[in-house]
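Note that the protein sequences, when read in sequence, are chains A and B. Each residue of the first sequence is one higher than the one before, counting from 0 in numbering that gives the first Met the number 0. Each residue of the second sequence is one higher than the one before, counting from 0 in numbering that gives the first Met the number 0.
Hint data in this document are derived by calculation from the structure and do not stem from the laboratory. Ideal Cβ positions, reconstructed from N, Cα and C, are used throughout, including at glycine. Misleading hints may appear alongside valid ones.
To be verified - Pair ranges (Cβ atoms, derived):
#1 176(B) / 54(A): 51 to 59 Å
#2 30(B) / 74(A): 45 to 53 Å
#3 94(B) / 28(A): 23 to 31 Å
#4 138(B) / 138(A): 15 to 23 Å
#5 114(A) / 47(B): 20 to 28 Å
#6 188(B) / 41(A): 22 to 30 Å
#7 175(B) / 33(A): 41 to 49 Å
#8 94(A) / 179(B): 37 to 45 Å
#9 130(B) / 114(A): 39 to 47 Å
#10 130(B) / 121(A): 28 to 36 Å
Protein chains: 2
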Amino acid sequence: MTATSTKADRRAAICDAVFELLGEVGYDRMTMDAVAARARASKATIYRGWPSKPELVMEAVEHRYGGAAQPPDTGSLRGDLFAQLTAVCAAACGPDGAVFTGLLTAATHHAELAEVMYRCAYSTKHGMYESMLERAAARGEVPPGTSADLLHEVLHAMVTSRRMWQSGPLDEEFVERLVDGVLMPILQRG
Amino acid sequence: MTATSTKADRRAAICDAVFELLGEVGYDRMTMDAVAARARASKATIYRGWPSKPELVMEAVEHRYGGAAQPPDTGSLRGDLFAQLTAVCAAACGPDGAVFTGLLTAATHHAELAEVMYRCAYSTKHGMYESMLERAAARGEVPPGTSADLLHEVLHAMVTSRRMWQSGPLDEEFVERLVDGVLMPILQRG
Chain A
0 MTATSTKADR RAAICDAVFE LLGEVGYDRM TMDAVAARAR ASKATIYRGW
50 PSKPELVMEA VEHRYGGAAQ PPDTGSLRGD LFAQLTAVCA AACGPDGAVF
100 TGLLTAATHH AELAEVMYRC AYSTKHGMYE SMLERAAARG EVPPGTSADL
150 LHEVLHAMVT SRRMWQSGPL DEEFVERLVD GVLMPILQRG
Chain B
0 MTATSTKADR RAAICDAVFE LLGEVGYDRM TMDAVAARAR ASKATIYRGW
50 PSKPELVMEA VEHRYGGAAQ PPDTGSLRGD LFAQLTAVCA AACGPDGAVF
100 TGLLTAATHH AELAEVMYRC AYSTKHGMYE SMLERAAARG EVPPGTSADL
150 LHEVLHAMVT SRRMWQSGPL DEEFVERLVD GVLMPILQRG
C-alpha cells in the first residue's frame with residue numbers, strides 16, 4: 000500500500016465515522032474525540048486536519064456527496080424522471096437522509112455548513128437534470144433549451160419537505176403523482 | 000376580569016413564552032422552569048397543566064397556529080395565489096419560521112410533536128386552498144372539482160424547503176416564478 004492510498008483510506012475512515020456518529024447522536028452531541036475513537040485515528044491527526052467540528056462535518060459531506068452523478072437514460076423523459084426520483088427517494092429514506100435532516104438545523108447557525116450541504120445535495124447534481132432535458136429536447140419531448148432549474152427545485156423540495164415533515168411515504172405512488180401531476184405538466188407547458 | 004379570561008390570558012402568556020424561548024435557545028435547551036419564569040407563572044401551574052416539554056410545546060403550537068385562516072379573495076386565481084403565497088413567505092421569514100425550522104428536528108424524535116406541527120402548519124390551512132379553487136372553478140378558471148391537494152403540497156414544500164436549505168430569498172421574484180411557472184401549469188393542465 001502506498002503512502003497516498005493510506006492517507007486516502009484514513010480520510011475515508013474518518014468521513015465514515017462522522018456519518019455514523021451523526022446518525023447515532025446528532026450534530027450537537029457529536030465530539031471530535033468520538034470521531035477519532037471510531038475511526039481509530041489519533042486525536043492529533045483529527046485536529047491537525049480539521050481544527051473544528053463544522054470543518055470536519057463539511058469535509059465528510061463533501062467527501063461522500065461532493066461528486067457529480069450519472070443520470071438515468073431510459074429512452075424517455077417520463078422514464079428518466081421515474082428512475083431518478085425513485086433513487087432520490089431511496090436515498091432520502093436511508094440513514095444519510097436522517098443525517099441531512101439533522102444537519103439542516105445545525106446549518107441554520109453555520110452559514111458555511113449550509114453552503115456545503117446545499118452544494119453537495121443540490122448544485123453538484125444539477126448537471127444530471129440538464130443532461131436529462133437535453134436528451135428529452137433532442138427526442139422532441141420538450142422545447143429546445145428548456146431550463147432544468149424549476150424541475151430540479153420542485154423535485155428536491157417535494158422530497159425533502161415530505162421527509163422533514165414526515166407528512167407521507169416516499170413510495171411509488173408519490174413518485175407517480177409527482178412525475179405525472181407536477182413535473183411533466185411544468186416541463187411541457189405552453 | 001373574570002376567572003375565565005384570567006385563565007385564557009395565563010395560557011396565552013405561557014404560549015408566548017414558549018415561542019420566545021424556542022426562538023432564543025431552541026428546543027433542546029429550553030426548560031420548563033425558564034418558561035415559568037418568562038411567563039411569570041408558578042412552576043406548579045406549568046407542571047400541572049403540561050407534565051412534559053413536548054406537551055408544552057405542542058400546546059403552544061396548537062394555540063398559535065391551530066385555527067383555520069381566511070383565504071384572500073382578489074377576484075382571480077392568479078391574484079389569490081400571489082396574495083396567499085406572499086403571506087406564507089412573510090410568515091416563513093419571520094421569527095416563528097425559524098422556530099418551526101428548529102422544531103422539525105426535535106419532531107423527528109417525537110411522533111406526536113410531528114403530528115401537531117403538521118396539523119397546525121398544513122392540515123388546518125387546507126380549507127383555504129379548497130375555497131380558493133372552488134371560486135376559481137365557479138369563474139371557469141379551472142375544471143370543476145379540481146383538487147387542492149397538489150397545489151397545497153407543492154406550495155408548502157417550495158417555501159419550507161427554500162427556508163430550510165437557505166437556498167434563496169422568499170421574495171417577489173420567487174412568488175412570481177412559483178405562481179406562473181409551477182402552480183398555474185399544474186392547475187390548468189389537461
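Residue 41(A) and residue 188(B) - C-beta distance against the hinted 22 to 30 Å
violated (60 Å)
Quick one: are residue 94(A) and residue 179(B) within 37 to 45 Å, going by C-beta?
holds (39 Å)
A range of 28 to 36 Å was offered for this pair. Does it hold for the Cβ distance of residue 130(B) and residue 121(A)?
holds (34 Å)
Taking the beta carbons of residue 175(B) and residue 33(A), is their distance inside 41 to 49 Å?
holds (47 Å)
Starting from the hint 23 to 31 Å, judge whether the C-beta atoms of residue 94(B) and residue 28(A) obey it.
holds (26 Å)
Given a hinted range of 39 to 47 Å, is it respected by the beta-carbon distance of residue 130(B) and residue 114(A)?
holds (40 Å)
Evaluate the given range 45 to 53 Å for the C-beta pair formed by residue 30(B) and residue 74(A).
This hint is violated: roughly 59 Å between Cβ atoms.
Please check whether residue 138(B) and residue 138(A) have a Cβ separation lying inside 15 to 23 Å.
For residue 138(B) and residue 138(A) the Cβ distance comes to about 38 Å; the hint is violated.
Outcome for the supplied range 20 to 28 Å, where the beta carbon pair is residue 114(A) and residue 47(B)
46 Å Cβ-Cβ, so the 20 to 28 Å window is violated.
With 51 to 59 Å as the target window, see if residue 176(B) and residue 54(A) comply at their CB atoms.
Roughly 35 Å apart at Cβ, these two residues miss the hinted range, so it is violated.
When held up to the earlier numbered hints, the structure conflicts with 1, 2, 4, 5 and 6 and fits the remainder.
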